[in-house]
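Novice: Once you have looked at the hints, place chain B on chain A.
Read off the chains here:
There are 2 protein chains.
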Amino acid sequence: MSKKEGRIKLVFVTSNEHKIKEAMEILGKWNIQLEGSHVTKIEVQDDCIERISRYAAIQAYNEIKKPLIVEDSGLFIKALNGFPGPYSSYVQRKIGNDGIVKLMENISDRRAYFKASLTCICGQYVKTFNGIVHGSISEEPRGREGFGFDPIFIPEGYDRTMAELGERIKNTISHRYRAFTQLAEWVSRQKPLKP
Amino acid sequence: MSKKEGRIKLVFVTSNEHKIKEAMEILGKWNIQLEGSHVTKIEVQDDCIERISRYAAIQAYNEIKKPLIVEDSGLFIKALNGFPGPYSSYVQRKIGNDGIVKLMENISDRRAYFKASLTCICGQYVKTFNGIVHGSISEEPRGREGFGFDPIFIPEGYDRTMAELGERIKNTISHRYRAFTQLAEWVSRQKPLKP
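Line by line, the protein sequences are chains A and B.
So in this note's numbering, spot 175 of the first sequence is number 175, and the numbers just go up one at a time.
So in this note's numbering, spot 126 of the second sequence is number 126, and the numbers just go up one at a time.
Simulated from the structure, these hints should not be mistaken for lab results.
Take these hints with a grain of salt, some might be off.
Just the calculated beta-carbon pair ranges, DEER-fashion [stated by the list, open to error]: (1) B:Glu17 with A:Ala79: 28 to 34 Å; (2) B:Glu17 with A:Ser108: 35 to 41 Å; (3) B:Glu139 with A:Arg51: 46 to 52 Å; (4) A:Ser108 with B:Gln124: 56 to 62 Å; (5) A:Asp47 with B:His18: 18 to 24 Å; (6) B:Gln124 with A:Glu145: 51 to 57 Å; (7) A:Glu145 with B:Glu139: 35 to 41 Å.
By construction, the Cβ of each residue, glycine as well, lies at the ideal position given by its N, Cα and C atoms.
The shape of chain A in the complex, shown without the other chains:
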């Protein structure tokens, strides 16, 4: 990571602009600067998002040879054996929140969690940070903020969905918040390293 002018630069390999925006807000108070990149993110099919995130990070690093991060995340619903899990973004595009709500009709166990797996490659390090937020699936979509499954996910300790709570609250409790702050703390402990 380069600490030129006091800011640490990391390439964020993603084509999801929501994620870049969220990450920048979360990292705002930290000394880290994120850059977008056009490098291809190769996502393998795997039930384990840590492996997806690490594989993508290694492939991207082999291409651009710069300090970088890759994030993979998903919604894991207990009564659906972890579905949609690593394929959350595909499932969101295809059947949406209404599809999940339909699958959960007449199911009383509503437990679910969001998990983010963030891999950072920098110098000799390949580090993965996981963040989880537990909660439950709502009876119907509610709220307009956030993106993805936010309108059907009620975080533990709240009675409103992520989309109703809004970004300010979301970005202090979310799976991505928890993964990114671990990354930030780790990065801030490192000495400047050559990429």
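Specialist: Same frame as chain A, now just chain B:
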């Protein structure tokens, strides 16, 4: 492909024993011998099964350097925007046929198709053969033969599901049958080639 003793040998890169068994039955009358392999099949996340199949084939070929085939297939349901598509095997494991039937409740457009995309790498060739079978989603799972989504798929021209029709009929009309027979015809036209 090696034509030693008159049989052409191709490695079939898959960990799905149902698929090996089906392919062997389909190719029974052709001069092709399939071998299993322990090489890792790297499946990327992509809405397009041709790209998944080609990427996996190239990765496997780089590892084993032998003539090989890789198959990727999926069930594409029109009213669900193509879901479960390339993630059919994951979706089958997680929500099963009952999950799909639940998603299709109160939906009158039941149209769907199975598609198989088969990539063969051999000598200087990277060839992909696609097979499609059109049909519809049944109101509930029926039948015990076959595997995967066979119990909820009624092929066009029939009133029974693939699982009710049984393997003998399935293996003359299925997406895999259509892809494998194109492969077999192509292979039989080639001169013996070094891998």
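Novice: For each hint, tell me whether it holds in the structure or not.
Specialist: Structure-based check of all given hints:
1. B:Glu17 with A:Ala79: 28 to 34 Å: holds (29 Å)
2. B:Glu17 with A:Ser108: 35 to 41 Å: holds (37 Å)
3. B:Glu139 with A:Arg51: 46 to 52 Å: Violated: the Cβ-Cβ distance is about 38 Å, outside 46 to 52 Å.
4. A:Ser108 with B:Gln124: 56 to 62 Å: holds (59 Å)
5. A:Asp47 with B:His18: 18 to 24 Å: About 19 Å separates the Cβ atoms of aspartate 47 (chain A) and histidine 18 (chain B), which means 18 to 24 Å holds.
6. B:Gln124 with A:Glu145: 51 to 57 Å: This hint holds: roughly 54 Å between Cβ atoms.
7. A:Glu145 with B:Glu139: 35 to 41 Å: Taking Cβ atoms as reference, glutamate 145 (chain A) and glutamate 139 (chain B) lie about 38 Å apart, which means the hint holds.
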